[in-house]
Amino acid sequence: MSSVSAGASRSTLQRFLGGYGQEIVVLLSIVALFIVVGFVNPRFLSDTNINSIFAGNAYIAIAAIGMSMIIIAGHIDVSVGAMIGVIATIAGTLAVAGYPVWIAWSVPILFSIVVSAGTGALVAYTRIPSIVVTLGMLSILKGGLISATDGAWISNMPPEFMIAQMRPFGIPSAVYFMVALTILAALFMRYTDFGRAIYAVGGNMEAARAAGINPERSVIGVFALHGLFTGVAGILFATQLQVIQSTVPPNLELTVITASVIGGVSILGGTGTVIGSTLAAILFACIGSALIFLNVSAYWLRAVLGLLILATVLADMARRRRAQ
Amino acid sequence: MKKMTLGAILGLALMSGSALAASAWTGGDDLPTSPLACDGTAGASAAMPYDGGSPTNPPDRKGKKITVVDIPKLIGIGYFNATTKGILDAAAELGNVDAKTDGPTKANIDEQITFIDNYITSGVDGILFAANDPVAIAPVLKKALEKGINVVGYDANATPDARQWFVNQAQFNGIAKAMVDNMAAEIGEEGSFAIVTSTFTTPNQARWIAEMGAYAAACHPKMKWLETVEAQEDNNLSFNQATTLINKYGDELKGIFGMTSVATPASAEAVTQANKCGTIAVVGLATPNAMKPYVEKGCVKSVVLWNPVDLGYAAMHVLRAVADGTLVPGATSVKAGKLGDLQIINGSEILLGAPYVFTKDNIGQFDF
Amino acid sequence: MTASKLLRHETILAVLTIIALAVLASLSDKFFTAENLLNQGRLMSEVGLVALAMTFVIVTGGIDLSVGSILGLTAILLGVFWKNLGLPLPLAIAGALACGTFAGWVNGFIITRFSVPPLIATLATLALYRGLAEGISEARSVRGYPEWFYVFGQGEILGVPFQLWILGIATVVSAVILGLTPFGRATYAIGANETAARFSGIRVHATKLWIYTAAGFVSALAAVIFVSRVTTTRSDMGTGLELDVITGVVLGGTSIFGGRGTIIGTVLGLILIQALKNGLALSGVKGDGTIVVIGLVLIGAILIGAMFDKNRGG
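Chains as they are written, first to last, in numbering that gives the first Met the number 0: chain E, 0 to 323; chain W, 0 to 367; chain F, 0 to 313.
Isolated chain E, as found in the complex (with noise of 0.2 Å):
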């Protein structure tokens, strides 16, 4: 799929690739997934599919962007689906109290970015390495969730808090969400001075330092500005259903993490997009969908889907080599 269309108009094609390489090759794979598997059983792309898809899983999208941005700056947060738990949990609380739902939307997301912003502050400061820092968090987050709530689900919030189940114009609000989202923290990335800063902290602390900028006021920024996609990721995530189950999603650091990273942000910082995570994260949906339509035994449903992660990287890195 990829080759054909390169070899097309190869001059203007490489000029786009060179700022948008891995953004193109995961665009590309939804693509060709939605024609292979929409080949195979058309109901894939009935708009009702597509809608679940993306409403389904929007909320990490907008985690992914957050952590693009955290990545981008050379650090990593793996603390970031316990901390989607308790977000929801504080949210749903909140809401069954009775609060206003503008509160019970603001509140966790305000301790989201608190929170972050404290990580961040440790990080910056004290210099111990944000994988060290996130994966105590981690342990706070989820130990502490569970003695507070001993793992109770809350029900019965009032639906006009159910702000993901919201259809405005027939499209779930959580992919309005998602396309704004990304499109703003791909215009800021771009256009600000603090866009700017975030890359060049990642690529080169010192010389950061040495052009004017504040590393250490930069690292906790970013990590606010995570907090704050966090914040609206988990309030997504408590609103999609009437049940929140006040536990850690499982494994749910890993699918944000991997989003970024196939979505060509380097893991070594200072380059990458927000506008990749997201597709890297809707390319995951698409394929947790289309291994149910293609009827893949359930068996090796992780191992296809592992395979795939090796392939899109490993065309990366194809990619790369060629365009040094």
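Just to be clear, a hint being listed does not mean it is correct.
Said to hold, decoys possible - Computed list of lysine to aspartate or glutamate pairs in EDC-like fashion (alpha-carbon distance at most 20 Å, straight line):
#1 F/285 - W/110
#2 W/275 - E/46
#3 W/141 - F/146
#4 W/99 - E/149
#5 W/142 - F/155
#6 W/141 - F/193
#7 W/142 - F/34
#8 W/141 - F/28
#9 W/84 - E/46
#10 F/29 - W/145
#11 W/142 - F/146
#12 F/82 - W/29
#13 W/146 - F/155
As the list claims (entries may be wrong) - Covered stretches of chain E, as calculated for chain W (at least 3 residues, CB under 8 Å):
#14 38–52
#15 285–293
No lab work stands behind these hints, which were simulated from the structure alone. Using N, Cα and C, we set each Cβ at its ideal position, and we do this for glycine too.
Based on the hints, put chains W and F in the right spot on chain E.
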């Protein structure tokens, strides 16, 4: 790049080839099944001698205060919160038991073993467990028996000689019959259905599915089993999987079985959000509280479950009876507080009763 | 970098561990008994073995997230070779070990040959190997091994659990390799500056390939011990192992950016975590509380280390 893409495609093709060639995933295990008769007449069950284990030189605990720890598969889900409530209720009622629940945060054999091991060292008198794996848990339970600790299982069994008694919530074939009969009543004898289960490796779910397959083949031969999907114990994943099934099969899909207390409400939610209430039936194992909204709206007609609070309650009473020496091998029934006399089956299992079917008329009376 | 500087974090950790042991012993009289401590050694062997190899991996500046999946895959293969293919058990064990080692080699090959960052490469194989374990096993467990096989996971030699001997030997061997041999020096050099290491004549790719292969081997070894300990195979064995292992290694002072870290630090880190898990449980703290304490200790220990050594790279 071309070579790489080609290689990747080749690898994928090979793997999907083997994936498609692999035996169709049903989600059931391959142990022998024993479907009940279609009209529900109970088969004659042969009396079996006691096949449980026994603790080595247990101290005399008759009437004395004992400390008991309950280690479920995992903590933090509604179902095991309910069993914990039953255990604590019974402990309070008995007055001479100091009980608490502790366990892993995800259904993990290694962590569960570590928890049990630590409580053996700390010197408890009794252990209640719900096994993540019947065989993997056996060595550590045998160790507990060797230390003179009373060991009683509930919900999910271990190999019999690794524990003394097991409180069986309902027999596998009984659950299977209740599920399939209710589904057949809702979607008709020729309807097609799919199953949303937890994971491949959960023994109870695999057993139920195998029994459901056997019973459906014998008593509802024209029902069509479309496929089974895996959804962990994860709300959102269960919802996504059920939604995908609805989208994939369109009008062909008439019913969804939810095999866990997580999958069933999530499947009901998927049906609700797809506006398919009334056209796609959801039948499943679930706790009443999680299902009330769907049952009251009429989207779900029947929920099958035993009462998990009673299950925990019975398990605690059995453990007390074992510690007191009033329940000994060879007994045919055991007294379990307000539940009255419970029957003993299969040598060393205590049967809680037949599975209960919650409907619109009675679900309001339950709170767990 | 002088030895005293290298050992600074380890010294702090040793003090912390001793304090923790003393406190826990005073909280419960069942904690500081030979029987309990040996039993805890049995329970931490699998994580411990993998953590030794992970120390090498992280010292080179890499990471291996697929160790838990390799453990699961090896466990399944052991059962399949023995039961389904009918191989004699010793041969099945050898075959499974070889496959696990090969899985590690594949990681190393992808990382060195295609210059894929280790985090991404092993993230992919994490899913791939677990998927293979699920696919090959089709969710069936293999049980009923002969009695002699259980010696690896449940047996004792001179009153000490069998796997603790293996862990002890492996610890000494890896400490010697990392601390005293040219291979160990190459490992540090790669982690400190890969390009410089290459220019000074170190065979960077070969060294890394050996290390990832070794990680595969110890994960496979841990799988055999695990299967023997729990007497059955399951495709979900070892899920989440990677986080436990990495927590132990970084608590032991190994820098996630590479170039520094010691086996003794890793061992201390593992002991501290296991002691906390066990000691807190014995003194009546529930599992969720213990998780919180471990998180706090992880951040706290690294923080103290950082305060004593302002110059460590961030």
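These are the hints, each one checked on the structure:
1. F/285 - W/110: holds, 13 Å
2. W/275 - E/46: holds, 16 Å
3. W/141 - F/146: holds, 15 Å
4. W/99 - E/149: Roughly 13 Å between the alpha carbons, so the hint for residue 99 of chain W and residue 149 of chain E holds.
5. W/142 - F/155: holds, 15 Å
6. W/141 - F/193: violated, 52 Å
7. W/142 - F/34: holds, 13 Å
8. W/141 - F/28: violated, 24 Å
9. W/84 - E/46: Violated. Residue 84 of chain W to residue 46 of chain E sits at ~45 Å, over the 20 Å cutoff.
10. F/29 - W/145: Roughly 18 Å between the alpha carbons, so the hint for residue 29 of chain F and residue 145 of chain W holds.
11. W/142 - F/146: Judged against 20 Å, a Cα distance of about 16 Å means the pair holds.
12. F/82 - W/29: Measuring from Cα to Cα gives roughly 15 Å; hence the hint holds.
13. W/146 - F/155: holds, 18 Å
14. 38–52: holds (count 7)
15. 285–293: Satisfied; 5 residues make the cut.
Hints 6, 8, 9 from the earlier list are contradicted by this structure; the remaining hints agree with it.
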